[in-house]
Amino acid sequence: MAQEKIEGAPMPYRPYGAEIKETRPYSPCRAACPAHTDVQAYVGLIAQGRYHEAFEVITAPNPIASVCSMICHHPCEQSCRRCTIDEPLAVRHLKRFAIEKSLDYRRARRRLVQKTKGKSVGIIGSGPSGLTAARDLADFGYSVSIYERHPVLGGMLASAIPPYRLPREMLKEDIDDVIAKGIEVKTNCEIGKDVKIDELAKQHDAVLIAIGLSLSRSLPIPGVDGPGVLLAIPFLEDVAFGRKPCVGKKVLVIGGGNVAMDVARTARRLGVKDVSMVCLESAEEMPAWKWEVDEALEESIKINHRWGPKAVRREGDKVKGLEVVKVKAVFDASGRFNPSFDNDQTSLIEADTIIITIGQMSDVSFLKDSAVSLDERGRVKWDPATQMSSAKGVFVSGEVVTGPGSAIAAVANGHRAALAIHLYCQGEAIEGKLPAQEKEKIEQMPPEVVEKIAKEPRLEIKHLAPEVRCDSMVHFEIGYDEEEALKEAGRCRGCGGGAVVDQKKCMACLTCMRICPYGAPVVTSVSEIRPEYCQACGLCAPECPAEAISMVSYDVREIRRTLPQTVGRIEPNRQEPVIAAFMCTHHVGVLGFDLPKNVRTIPVHCTSRIDVLDLLKAIEAGADAVAVVRCGDGTCKYRDVARRVDARVKRGQELLKMLGFDPGRIEILSAASGNGGNPYAAVCANFSERIKQMGLRGTK
Amino acid sequence: MIIGSQKPIEEIWEMVKDFRKVLVFGCNTCVAVCHAGGEKEAETIASLIRMRAQQEGKEMEVNHLGVMRHCEPEYFDPVMDEVKKYDLVLSTACGVGVNFLSDRTGNIPVYPGINTSFYGAVEAPGNFVELCAGCGNCILHMTGGICPIARCSKTLMNGPCGGTNNGKCEVSKDIDCAWFLIVERMKQLGTLEKLSEVIPPRNWSTSRDGGPRRVSLEHIRAYEEQEAQKAATAGGKK
Ligand SMILES: Cc1cc2nc3c(=O)[nH]c(=O)nc-3n(C[C@H](O)[C@H](O)[C@H](O)COP(=O)(O)OP(=O)(O)OC[C@H]3O[C@@H](n4cnc5c(N)ncnc54)[C@H](O)[C@@H]3O)c2cc1C
Ligand code: SF4
Ligand code: SF4
Ligand code: SF4
Chain A
329 MAQEKIEGAP MPYRPYGAEI KETRPYSPCR AACPAHTDVQ AYVGLIAQGR
379 YHEAFEVITA PNPIASVCSM ICHHPCEQSC RRCTIDEPLA VRHLKRFAIE
429 KSLDYRRARR RLVQKTKGKS VGIIGSGPSG LTAARDLADF GYSVSIYERH
479 PVLGGMLASA IPPYRLPREM LKEDIDDVIA KGIEVKTNCE IGKDVKIDEL
529 AKQHDAVLIA IGLSLSRSLP IPGVDGPGVL LAIPFLEDVA FGRKPCVGKK
579 VLVIGGGNVA MDVARTARRL GVKDVSMVCL ESAEEMPAWK WEVDEALEES
629 IKINHRWGPK AVRREGDKVK GLEVVKVKAV FDASGRFNPS FDNDQTSLIE
679 ADTIIITIGQ MSDVSFLKDS AVSLDERGRV KWDPATQMSS AKGVFVSGEV
729 VTGPGSAIAA VANGHRAALA IHLYCQGEAI EGKLPAQEKE KIEQMPPEVV
779 EKIAKEPRLE IKHLAPEVRC DSMVHFEIGY DEEEALKEAG RCRGCGGGAV
829 VDQKKCMACL TCMRICPYGA PVVTSVSEIR PEYCQACGLC APECPAEAIS
879 MVSYDVREIR RTLPQTVGRI EPNRQEPVIA AFMCTHHVGV LGFDLPKNVR
929 TIPVHCTSRI DVLDLLKAIE AGADAVAVVR CGDGTCKYRD VARRVDARVK
979 RGQELLKMLG FDPGRIEILS AASGNGGNPY AAVCANFSER IKQMGLRGTK
Chain B
13 MIIGSQKPIE EIWEMVKDFR KVLVFGCNTC VAVCHAGGEK EAETIASLIR
63 MRAQQEGKEM EVNHLGVMRH CEPEYFDPVM DEVKKYDLVL STACGVGVNF
113 LSDRTGNIPV YPGINTSFYG AVEAPGNFVE LCAGCGNCIL HMTGGICPIA
163 RCSKTLMNGP CGGTNNGKCE VSKDIDCAWF LIVERMKQLG TLEKLSEVIP
213 PRNWSTSRDG GPRRVSLEHI RAYEEQEAQK AATAGGKK
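Each protein sequence line maps, in turn, to chains A and B.
When the letters of the first sequence are read in order and numbered with my numbering, they come out as residues 329 to 1028.
When the letters of the second sequence are read in order and numbered with my numbering, they come out as residues 13 to 250.
For the record, the hints were derived by calculation from the structure and aren't laboratory data.
Just so it is clear, CB atoms sit at the ideal spot from N, CA and C, and this is done for glycine as well.
Hints may be right or wrong, so weigh each one.
Said to hold, decoys possible - Distance windows between CB atoms, simulated:
no., chain 1, residue 1, chain 2, residue 2, range
1, B, E135, A, E982, 48 to 54 Å
2, B, R197, A, E1017, 55 to 61 Å
3, A, V854, B, E142, 37 to 43 Å
4, A, K985, B, E135, 40 to 46 Å
5, A, L838, B, E196, 27 to 33 Å
6, B, K96, A, T444, 55 to 61 Å
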């Protein structure tokens, strides 16, 4: 169901086709992203070398996009429709590439936002959720103040996630984007200690509690209290803030989740050679991401599966090891986490330092005796439909209420809270106005389509070798270079960016149905193009005689309007012919863009999208000639494109001939890419030469 | 369906060259299906005319438009104000559309942008064949479903003639002999003996030669006329 438009809501960047997209099922990647980042749109923009636009699409729903490009667990990839063909798209790495390419651009576009609403909001906590709400509320026009007990902003991103996974420069760029909007920042300010919550509520028109889960849980076992036993969050905070935590030579981490992985891998980077882990689960049952586990194993971290902690053994003061007991089952018959143990099987894992990483909880002690009620288990009471706590005007968001999750999920919840606060401040009802999290999405690809798509393995990024990376906290992933990024972006099937029919115009001629290589259109009284079949190749749109088909993303109409400007001024005394070159941006790629100056490039998503009319219009705009520049044989990611485009070019040539032009003024140029140099510059120069021989239009 | 084909640009140019504001007006039904005169082709022709004008150094404003059908007024009524802003309408509808629109544009001439060719079928994408001549008195039940009027080069009613040659017509070896097809088809249907009956000379008055034809459905007209009358007596104007 379409969401009601909220008055005064800020207008994020919308790529071409964004409106129509909202009315259709989402690509699964987008539906899976808690913030509904339009992956298909930005990956397509990257594939065309439009990095800054990609950046806009990425950051529109996500203020911590740089961070996510480093550490997101990328549910988009897990649900990518390419999984049924070969492997998912490397969405996160592509995001990182686009962001890295946009550093100067993003810095230049930071702007103060006018405070038009005359009301103020206080936000407690500067993690993903608090930052998101701060950005949204600033964009709405509120005065926003952030209160953070740590010396820096960012929440767990700044204080816990180890720098080898998240370089702090990246986080800083994200935070600077937000703060530049004119947000008041109060660091080293702990609510409850430095300022009381009730005071804060009086100072602001609304307050948001976004304090996350900042306390580590401990274990109620003998021997835990005393030196040598640490808790995860304080340990990670020490590392994050440059205080060297006190660890021995043999570190044992208790826990099998992602935070445990971070702790163990961080310990390795503190110079500890012997790091091991112990967890209740088997390798398959472990909650940590598989890639995290694999990387930890590469770093020679040992994992003891299916042991439960029983007691910390000490010799005097010193930790000697952990006594463990064999796990019989982690889950009970109904699938609930409820470990059972075989008390006859015990063992001692030797260690001089033990770090407990079995989960976190929030520190809500400052809310006691305030208007914000807690439930019987000491958690903040809240209403998910309004994001409000029991105290009027005091809202909650992020992990403090949703429980542990991902940074991007905290972002999504921050958006909801900001919208709720805006409605509240405007005196409107909140219930029913916050967007639904679940979105309808395009089905997986039918097998008859899958078999028509060439396999193309995912381009994995490189990592620093384990021997090297364990020596320091240096970031261990090596991002894509441009060529790699373009190649990987080209793998995207453009789900949801494909063809749509204007049913008022379609007259059921069957052309699209006959043409589509993937069987997507079904024509009854009108054509309907099934999004789960459509590969967004674009072949059908130019063939529709009723102009009824457009492409959701990268429709040629986007470039057609500006064609005369792209062709540009035609100098009457020019020496070189003006050539309008429609360029397939895949393969021919952005890399081939270093072309002679007289070649005016018109990047198209694929030459499949060019119409006879576009060829004519370029001539009409004054070009001496038109080139359709496409990849060499066999590299096109779609089917049937070459012969259809051949036919269109032939028709264009015939029409030119009718006007008395040399038909050779429209030509297809192609070259084998990838063999070094700039083959496209060469073919274009060659073509220029031929046109020169034919003569320049309107010159003597 | 009506099949048409585009006129050469030179012929079009001769028609349009003396006008300043030209609208190329496409029809998105039959002639769109055969890629002759739908909105897309109208746009293409408009572009060609503009370029031709450029070549001649002529100032001309040429635009395009398309509606679903030109043979029913309700389809173009909504754009008539726009249409009337032009000096000339180059219609890429079939001849029916050109006639029909021309009756309704007052001082503005409507010229044909395409040649209306025949009633045909889409044999294969891009291949259109004539199968019926619209003679007004169908005899397909007597000829195995194959029309000798449309498909026999000589419109013979009792064929084949002596020019049949291994299933091809003497007019061209690219033309199937319709009467050969009729015989083969009727053999297959087991009705060949029907052909021994001589088809009597036809009354061609139902065809093109008796003046423009009209089909009037009394039951629908009666209602429409009553409505018109009601409106008139109520002082309303149509
Ligand atoms: C070690 C670790 C690794 C992680 N790795 C990933 C990962 O790879 N990918 C991923 O997506 N997610 C990861 N996460 C989860 C992610 O960090 C959280 O989902 C996210 O930070 C939650 O955001 P939040 O805004 O709800 O809270 P937080 O980020 O926890 O922010 C809350 C902020 O509130 C402040 N605060 C608390 N109480 C007060 C007070 N009384 N006064 C003032 N300020 C206060 C805290 O100092 C903190 O800065 C990881 C978490 C941890 C701990
Ligand atoms: S192929 Fe592209 S659009 Fe489709 S699900 Fe994967 S990333 Fe998204
Ligand atoms: S090609 Fe166009 S008009 Fe023909 S069926 Fe498809 S959408 Fe309809
Ligand atoms: S031709 Fe291409 S764009 Fe059109 S429906 Fe088929 S797959 Fe989609």
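Violating hint indices (sorted, rising): 1, 3, 4, 6
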